[in-house]
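There are 2 protein chains.
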Amino acid sequence: MKYSKIFSKTSKQPPKEADTINHRLLTQAGYVDQLMAGVYSYLPLGLKVLNKIENIVREEMVAIGGQEILMPILHPKTNWEITGGWQSIDVLFKVKSRIDKEYALGQSEEEVVTPLVLGRVKSYHQLPIAVFQIHWKYRDELRAKSGILRGREFYMKDMYSFHETQEDFQVFYEVAKKAYLKIFKRLGLTAKVTEASGGSFSKKISYEFMVLTDAGEDDILYCSECDYCVNVEIAKEKSQDECKMCHKGKLMIARASEVGNVFDLGQKYAKDFNLSFTDKEGNKQFAFEGCYGIGISRIMGVIVEKFHDKDGIIWPESVAPFQVHLISIGSDAESLYKELCDAGISVLYDDREIAVGQKLADADLLGMPIRLILSDKNNGKIELKKRTEEKVELLTKSDLLMRLH
Amino acid sequence: MKYSKIFSKTSKQPPKEADTINHRLLTQAGYVDQLMAGVYSYLPLGLKVLNKIENIVREEMVAIGGQEILMPILHPKTNWEITGGWQSIDVLFKVKSRIDKEYALGQSEEEVVTPLVLGRVKSYHQLPIAVFQIHWKYRDELRAKSGILRGREFYMKDMYSFHETQEDFQVFYEVAKKAYLKIFKRLGLTAKVTEASGGSFSKKISYEFMVLTDAGEDDILYCSECDYCVNVEIAKEKSQDECKMCHKGKLMIARASEVGNVFDLGQKYAKDFNLSFTDKEGNKQFAFEGCYGIGISRIMGVIVEKFHDKDGIIWPESVAPFQVHLISIGSDAESLYKELCDAGISVLYDDREIAVGQKLADADLLGMPIRLILSDKNNGKIELKKRTEEKVELLTKSDLLMRLH
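Going down the list, the sequences are from chains S and G.
Taking my numbering, the leading residue of the first sequence gets 229, the next gets one more, and so forth.
Taking my numbering, the leading residue of the second sequence gets 229, the next gets one more, and so forth.
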């Protein structure tokens with residue numbers, strides 16, 4: 229893609245009100261545009277990043293048997309009254325139609341997915357079932373802040389699984405946990421699985437997937453030796469205590485951002501909607517339900533918080549909008565651009581007629597993994613620099629093509 | 229995909245309240261599920277159709293230079309007050325937060341896209357610009373009906389173009405019109421371009437892309453000989469009049485469904501937001517804007533209205549969730565299924581242990597373009613039947629693979 233064709237360019241001025249690095253860098257680089265607090269537009273390059281994260285999540289959900297669906301954002305009030313959420317969830321956005329009919333905007337979808345799935349399940353033969361969607365969600369936050377880390381409108385993958393027994397849920401939870409850890413690895417993130425308090429209704433323990441970052445909103449205690457990790461909110465221990473799991477490590481405190489979660493919902497929703505199935509013994513039974521979230525737009529923000537330097541963003545290869553950022557100095561890079569595209573390499577070509585210094589600064593701000601410079605001075609060789617390294621290499625075109633494949 | 233793995237199966241019972249063919253067939257076949265009037269969930273097979281339509285539309289918008297973005301659904305009241313829409317648009321859904329902040333749910337995006345784009349345009353050099361998104365939209369309809377043809381929540385592609393002059397808009401409109409006609413052709417539809425009345429604010433003529441169908445909500449007059457076509461709402465002529473364009477044909481009246489539209493918005497929105505650019509002569513100037521919509525979910529409904537018979541849906545190849553519906557009678561079709569998948573053919577394999585008659589009925593209801601039957605009786609040959617034909621052919625496996633490529 230030619231950079232001149234993209235309407236949202238970089239900006240030298242940081243946005244007003246930017247309280248976090250992700251908000252500042254994503255806005256200055258032209259990836260997103262804040263419409264109002266907690267609500268953003270995704271511009272051409274930003275939408276590419278969002279789609280790349282989304283596709284990685286989708287692949288791993290399909291790989292563990294998740295069936296993709298798309299549920300409405302506009303929900304009937306009735307469903308939320310049945311579960312008690314209409315009265316008790318303070319972040320639930322409520323909408324009134326012109327004839328005073330009331331709706332909720334989806335902030336989680338148990339109220340829709342439970343009747344949708346369990347309304348079709350008559351026998352234990354049909355279980356387990358796991359369905360997921362990737363969709364926009366709404367939360368009436370009193371204070372939306374931290375850029376795209378905590379929005380009033382945000383993009384999420386939410387999966388729901390339905391089981392004959394609590395044990396079967398536990399089995400699937402372990403499968404989903406592995407898929408989650410694989411997703412975070414593919415995204416270049418290391419996530420810790422913490423125990424946390426349950427959601428609005430769940431009395432049970434829930435699990436959170438946390439990425440360590442100073443922009444996070446939670447404090448977690450993690451063991452210096454083993455995998456044990458707990459949200460400070462529910463921890464009985466404190467920093468520097470001995471780990472109660474391995475009895476070797478010490479507990480360390482760190483700021484972290486929640487990028488995923490799992491809720492063990494038990495039979496609550498099946499019972500609320502009075503949707504039962506016939507079990508092996510021929511008895512009526514209520515299904516056990518699990519809910520598994522991953523914040524897609526939030527992850528985009530977390531990645532920027534984790535991977536940046538003073539000059540700009542440093543996208544991990546798996547989510548970078550383009551692999552290569554091509555700049556020409558003096559020479560015309562048009563034919564090299566075409567050759568790279570023909571070879572199947574994704575290239576952002578800065579074809580603007582502006583000062584070289586500005587082009588170099590923009591390349592750092594935009595953060596593609598590899599920067600190429602075609603310059604008259606290099607006798608036909610092309611300069612390659614990784615965004616993560618200072619080292620610069622000069623390569624012939626054929627060596628370059630080999631390297632990029 | 230194995231049909232046994234999909235949680236949303238066909239149903240023998242038509243849904244209650246189904247007032248249209250698309251609602252009845254899409255629900256019975258398990259493509260969609262009505263959550264409430266005008267609001268639907270898209271189930272695994274239905275989401276595949278929606279995505280296929282969406283991708284065709286996306287390809288053609290990118291081909292004419294459209295830049296894909298994604299704008300919020302939740303809009304600030306201010307933007308809608310500036311344009312007058314907050315007071316005058318009766319289908320605008322309004323949301324009040326718990327601290328009494330007010331928002332609109334996007335039903336069209338001029339209020340967001342105009343400041344987003346024109347806020348970045350300082351000079352005529354930067355124009356024209358065309359951006360588009362594919363996103364959910366909301367209309368507070370008094371009566372939502374006709375299945376997914378007219379929803380309170382619906383999926384739309386909306387493009388917005390910005391121009392230095394009215395003439396430049398006209399040039400781009402012709403380009404967009406060709407792209408639209410190409411899209412409808414790829415979707416298996418023939419659309420007529422009609423003149424219609426403007427939207428809420430536009431005094432100018434707008435254009436509608438209409439597909440003839442008895443389930444439509446508009447009446448149009450079209451010439452039996454030339455391309456002339458007009459919405460009855462604004463027509464000065466009546467049925468059987470001579471065509472005023474070609475003076476050869478007669479005007480015919482027909483029921484039609486609007487699948488796309490174009491609005492010539494002039495300088496209204498640029499002026500409302502007071503966003504000007506510097507033109508060639510160095511003067512401040514307001515950009516001319518065009519809006520181009522295509523109803524993605526509505527098209528899915530229109531296709532079902534157009535392509536069905538008494539037994540079920542007949543998907544055009546370009547949007548069918550799978551190309552092939554594979555059924556086994558007696559024999560095990562597992563290895564044939566794998567071979568077809570390995571050959572890159574998209575197959576829905578009905579692997580359930582149920583009566584053959586039910587499988588055949590489901591194949592007709594679901595509507596894949598090609599049905600294959602592997603039966604003990606056919607000496608290893610495979611029966612192929614197109615959904616659109618009665619003719620049945622017996623093919624060897626190698627002939628079959630040749631045929632499907």
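For the record, the hints were derived by calculation from the structure and aren't laboratory data.
All of these numbers come straight from a predicted model, not from anything done at the bench.
Don't take every hint at face value.
The list treats identical chains as one, so a pair stands whether inside a single copy or across any two.
Subject to a maximum C-alpha distance of 27 Å in a straight line, what follows is the list of computed DSSO-like cross-link-like pairs (lysine-lysine) [to be verified]:
id: 1; residue 1: Lys305; residue 2: Lys613
id: 2; residue 1: Lys614; residue 2: Lys329
id: 3; residue 1: Lys276; residue 2: Lys478
id: 4; residue 1: Lys350; residue 2: Lys230
id: 5; residue 1: Lys464; residue 2: Lys280
id: 6; residue 1: Lys305; residue 2: Lys280
id: 7; residue 1: Lys508; residue 2: Lys233
id: 8; residue 1: Lys322; residue 2: Lys496
Intra- versus inter-copy proximity for Lys613 and Lys305 (alpha-carbon distance at most 27 Å):
Cα proximity of Lys305 and Lys613: none, with 55 Å in one copy and 47 Å across.
For Lys276 and Lys478, with the copy left unspecified, which applies at a CA distance of at most 27 Å: within, between, both, or neither?
For Lys276 and Lys478, neither the intra-copy (41 Å) nor the inter-copy (50 Å) Cα distance is at most 27 Å.
When no copy is named, should Lys614 and Lys329 be tagged within, between, both, or neither for a Cα gap of at most 27 Å?
Close neither inside one copy (56 Å) nor across copies (46 Å); limit 27 Å.
Tell me, please, which holds for Lys305 and Lys280 at an alpha-carbon limit of 27 Å: within, between, both or neither?
For Lys305 and Lys280, the Cα distance exceeds 27 Å both inside one copy (34 Å) and across copies (32 Å).
Status of Lys233 relative to Lys508 across identical chains (alpha carbons, at most 27 Å):
between (62 Å within a copy, 20 Å between copies)
Tell me, please, which holds for Lys322 and Lys496 at an alpha-carbon limit of 27 Å: within, between, both or neither?
So Lys322 and Lys496 pass the 27 Å test inside one copy only (23 Å; across, 32 Å).
Which holds for Lys350 with Lys230 at a C-alpha limit of 27 Å: within a copy, between copies, both or neither?
Between copies, since 20 Å is at most 27 Å while 55 Å is not.
When no copy is named, should Lys464 and Lys280 be tagged within, between, both, or neither for a Cα gap of at most 27 Å?
neither (39 Å within a copy, 52 Å between copies)
Hint check: violations occur at hints 1, 2, 3, 5, 6; the rest are consistent with the structure.
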